[in-house]
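*Asks:* Spelled out from the first residue to the last, the chains are:
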Amino acid sequence: MNKSFPIILELETPQHPDDIFSFIKMVLAKILDHKMLDIAHQQKIKMILVELITNSIKHSADQGSQIKLVIDQPSLSIQKFEKGLQIEFSASSQQIPFEEVDKILKISFSEENNHHIQPLDRYKFKFLNPHKEGFDIEHMPEHFGFYIITIASDSFIYQYDPEAKENRYIVNLNI
Amino acid sequence: MNINKQKIKEILLITIEDAEANLSKSEQFKELVLQEISAGERKLIISFANVEYVDSSFLGALVAILKSLLPLNGKLVLVEMNNDIENLFQLTRLDKIFVVKDTLETALTEF
Numbered sequence: 001m002n003k004s005f006p007i008i009l010e011l012e013t014p015q016h017p018d019d020i021f022s023f024i025k026m027v028l029a030k031i032l033d034h035k036m037l038d039i040a041h042q043q044k045i046k047m048i049l050v051e052l053i054t055n056s057i058k059h060s061a062d063q064g065s066q067i068k069l070v071i072d073q074p075s076l077s078i079q080k081f082e083k084g085l086q087i088e089f090s091a092s093s094q095q096i097p098f099e100e101v102d103k104i105l106k107i108s109f110s111e112e113n114n115h116h117i118q119p120l121d122r123y124k125f126k127f128l129n130p131h132k133e134g135f136d137i138e139h140m141p142e143h144f145g146f147y148i149i150t151i152a153s154d155s156f157i158y159q160y161d162p163e164a165k166e167n168r169y170i171v172n173l174n175i
Numbered sequence: 176m177n178i179n180k181q182k183i184k185e186i187l188l189i190t191i192e193d194a195e196a197n198l199s200k201s202e203q204f205k206e207l208v209l210q211e212i213s214a215g216e217r218k219l220i221i222s223f224a225n226v227e228y229v230d231s232s233f234l235g236a237l238v239a240i241l242k243s244l245l246p247l248n249g250k251l252v253l254v255e256m257n258n259d260i261e262n263l264f265q266l267t268r269l270d271k272i273f274v275v276k277d278t279l280e281t282a283l284t285e286f
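Top line first, the protein sequences correspond to chains A and B.
In terms of the numbering used here, the first sequence has 90 at position 90, counting the first letter as 1, and numbering is strictly consecutive.
In the numbering used here, each residue carries its 1-based index in the second sequence increased by 175.
Just so you know, the hints here were simulated from the structure itself, not pulled from any lab data.
Note that the coordinates shown come from a computational prediction; the quantities given were computed from them, not determined experimentally.
Just so it is clear, CB atoms sit at the ideal spot from N, CA and C, and this is done for glycine as well.
Mixed in with the good hints there might be a few duds.
Claimed, not checked - Residues of chain A clear of chain B, computed beta-carbon distances all greater than 10 Å:
1) His16
2) Asp18
3) Ile24
4) Thr54
5) Glu100
Unchecked claim - Calculated cross-link-like contacts (lysine-lysine; reagent style DSS-like; alpha-carbon spacing at most 30 Å):
6) Lys271(B) x Lys106(A)
7) Lys250(B) x Lys25(A)
8) Lys218(B) x Lys184(B)
9) Lys126(A) x Lys165(A)
10) Lys68(A) x Lys58(A)
11) Lys106(A) x Lys242(B)
12) Lys106(A) x Lys126(A)
13) Lys25(A) x Lys182(B)
14) Lys250(B) x Lys182(B)
15) Lys276(B) x Lys250(B)
16) Lys126(A) x Lys271(B)
17) Lys106(A) x Lys124(A)
18) Lys184(B) x Lys250(B)
19) Lys58(A) x Lys242(B)
20) Lys106(A) x Lys30(A)
21) Lys58(A) x Lys182(B)
22) Lys242(B) x Lys184(B)
23) Lys218(B) x Lys242(B)
24) Lys25(A) x Lys106(A)
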C-alpha cells in the first residue's frame, strides 16, 4: 500500500446516470488501493460521489466535469470542477457574488429545497449542517442532493471562479 | 424502469427490477406508482431487493409518492434494502419518515 501522501487522482465524470455506479466502484477501489477505510466511510464516499455526479448530469451534461481526489492523512478531499455559469439560487435568495460575507444566509433552489450557508468570500460559501432544524414529511424536499452531500461530509464548500468561469465543489471527509 | 407488480390480498407489492434507482428512472417510477394510487391502491410495499444504489432523485420520487399517499390514509412500506441504501435512509433521517422493514414478511404485518 502506497504511504506517500498526498495522492492525487483526476478523473472525467460519466455523463449518463447508468454509468455512475460502475464509475463509483472504480473510484472507491482506487482510493482503497492507497488507504484502508471502514464501511461507514466507504458508504459516505459513494453517496457523495453519486450526488456530485448526478448534479453534473442534471445541470451541465453538455459541459462535462472533472473529479479530483486528494487522499491525505487524515483527510480525503473530493473536488468537482465544471465550466459554466455560477450556481443560481431562487429569486428570493441573495445571489453570488454575496454582498455580505459575515452572516449565515438561508438560500433555496426551489420552494422546498432550503439550505443554510455561510459565505466565506463573495464567490465562496459553505453548506451548513441541516440537522439542527429538524424536518417532517411536509417540508421534505424532493430534490436534496446537496443535503445528502452536506450530512455525509465533514465540510462541503462551493466556490465560483468568475475569471475561469468554473464551478468548484469541494467536499472534505476526515478519514 | 423495470418493475414487477404483485397483489397480496389488498396490498400491492412493487419490486424494482433495476439495479440502479437513479435519475434516469426516478420520474417514470414516480408516475407508475402515482398511477397505481390514482387507480385506488392504498397499501403499498416497495421492494429494493434487486437495487444496488439509490440517488437523491429516486429518494425524491419516494417522498412524492408518500406525500400523495398519506392524505388518502394510505400506507407505504419499504423493504429489502441493502446496507448502503439503509445507511442512506438513516443518514438523511428518512428512516424516521418512511416505514422501513428488512423482509417482506415483517412488512406484511404492518397492514
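*Asks:* For a quick check of understanding: which of the numbered hints are violated here, in increasing order?
*Replies:* Checked against the structure, the hints that fail are numbers 1, 2, 3, 4, 7, 13, 20, 21 and 24, while the rest are satisfied.
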